[in-house]
Structure formats: structure tokens, C-alpha cells
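Visitor: Letter by letter, the chains look like this.
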Amino acid sequence: MTKSELIDAVAQRTKITKSRAEQVVNCVFNSMTAALENGEGIEIRGFGSFTVRHYKSYHGRNPRTGKPVPVPEKRLPFFKVGKELKELVNGGVSEPGE
Amino acid sequence: MTKAEIIDAVYEKVGGFSKKEAAEVVEAVFDTMKDVLAEGEKIKISGFGNFVVRAKKERIGRNPQTGAPIPISARRVLTFKPSQVLKTVLNPHRTREEEEADARGSSY
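If you read the sequences in order, they're chains U and B.
Residue numbers for the first sequence, in the numbering used here: 1 to 98.
Residue numbers for the second sequence, in the numbering used here: 1 to 108.
Derived from the structure by calculation, the hints contain no laboratory data.
Note that the Cβ used here is the ideal one computed from N, Cα and C, for glycine as well.
Hints should not be assumed to be uniformly reliable.
Stated by the list, open to error - Covered, in the sense of this in silico footprint (three residues per stretch, anywhere, with C-beta under 8 Å from a C-beta of chain B), are these stretches of chain U:
hint, segment
1, 1-8
2, 19-32
3, 66-75
4, 80-92
Claimed, not checked - The following label-pair restraints were derived from C-beta to C-beta distances:
hint, chain 1, residue 1, chain 2, residue 2, range
5, B, Lys20, U, Glu40, 20 to 28 Å
6, B, Glu58, U, Pro68, 15 to 23 Å
7, U, Asn62, B, Glu12, 41 to 49 Å
8, U, Tyr58, B, Lys57, 26 to 34 Å
9, B, Arg75, U, Thr17, 36 to 44 Å
10, B, Pro69, U, His54, 18 to 26 Å
11, U, His59, B, Glu27, 44 to 52 Å
When you get a sec, could you build the whole thing from the sequences and use the hints?
Guide: Given below as C-alpha cells:
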């Protein structure tokens with residue numbers, strides 16, 4: 001499913017126009033992006049949570065040439081799936097030992 | 001940020017919805033995504049990232065306390081791969097060379 005298909009599905013589900021649904025979907029992901037940009041985490045109950053992880057600089061290697069390359073410090077978004085969605089994705093089965 | 005804050009943002013920035021309507025539409029966004037992922041289909045949100053369902057084979061794990069081997073059953077898991085756009089937003093001061101090095105695959 002692409003973003004435009006998500007917009008269509010939301011429009012159908014809530015009986016609003018596609019252009020309204022598009023504004024909402026864009027606002028949702030723009031808000032989430034802004035939160036992550038500010039280093040803020042996001043928690044959506046039943047769906048999952050996003051956190052920003054900081055990585056220090058390190059010396060990596062070009063896998064093709066073996067040449068060492070410095071990798072600067074960076075921030076990456078990290079998603080942890082929520083319990084409900086985790087079970088849904090796994091066919092409604094919760095796995096033991098987690 | 002919580003779902004309630006996302007609902008507030010939709011209420012304030014999109015306009016034309018009551019709080020209740022804004023809440024319903026935002027719920028519909030996440031419920032639709034959940035339904036699609038539950039079917040095993042991936043979701044690609046351009047500018048944000050891709051949610052992908054992956055099938056994992058059974059493998060042997062270990063009880064970290066005792067070292068005893070225990071089988072980990074086959075399962076489907078959800079992974080998120082952030083888009084290059086989102087990664088760039090989080091790292092605004094990086095140079096073009098650094099971006100290109102990452103795009104070649106050193107970051108993920």
C-alpha cells in the first residue's frame with residue numbers, strides 16, 4: 001500500500017473526500033516527522049513507538065574496496081512494534097518468551 | 001508525542017473537523033495501516049518510510065541465563081525502514097558526501 005492508497009482507504013472508511021483525507025494523512029506524518037526532528041519519541045498505543053537513536057562516529061569500511069571510511073555521528077529513527085500489532089502481524093499469535 | 005497530540009495537530013492545522021471527527025480520522029489512519037500489515041502487505045509512505053512484514057524461519061536461540069538451546073518458532077515480524085528524506089531531516093548538518101556514502105548502504 002502506498003500513501004495515496006492509504007489516503008483512498010481512509011476517505012472510504014470515514015466518508016470524507018479524498019482531498020480532506022490527504023490533508024489529514026499528510027498532517028499525521030508531518031507531525032510525526034517534526035517530533036522526531038526535535039528528538040522527541042512518538043507512542044501510538046496498539047501500533048508502536050518511534051524513538052530517535054544517536055550513533056557515535058566510527059570508522060567503517062567500503063565493503064567493495066575494503067578502504068576505511070570515517071562514518072560521522074548520526075541520528076536514526078527506530079520503530080518498536082506495539083504488542084497488539086505484533087500479534088496481528090503474526091496471525092494473532094503471541095509468541096512465548098518475549 | 002502521543003496519538004492525542006497528533007489528533008490536536010490535525011484539529012488545529014487541517015481545520016474543518018470537530019475534535020471528535022479529527023480523532024476518528026486519525027484512528028482510521030492507524031487502523032487502516034494495522035489491517036493492511038495484518039494481511040502481510042507492506043506500506044510505503046513516501047518521505048517517511050516503509051513498514052514491511054518479514055517472515056522469519058525457525059531458528060535455535062539460547063536461554064541467556066542458562067545457555068540452554070531453545071527453538072524460536074517461525075514467525076512474521078514488522079520492520080520499519082526510514083526513508084532517506086526522514087534520515088536527512090534528522091541529520092541536517094551532514095555534508096553531501098556523507099549522505100551519498102549512507103545512500104550506498106553503510107547506514108542500514
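Visitor: State the violated hints by number, sorted upward, taking the hints as numbered earlier in the document.
Guide: Hints 6 and 10 not satisfied by this model.
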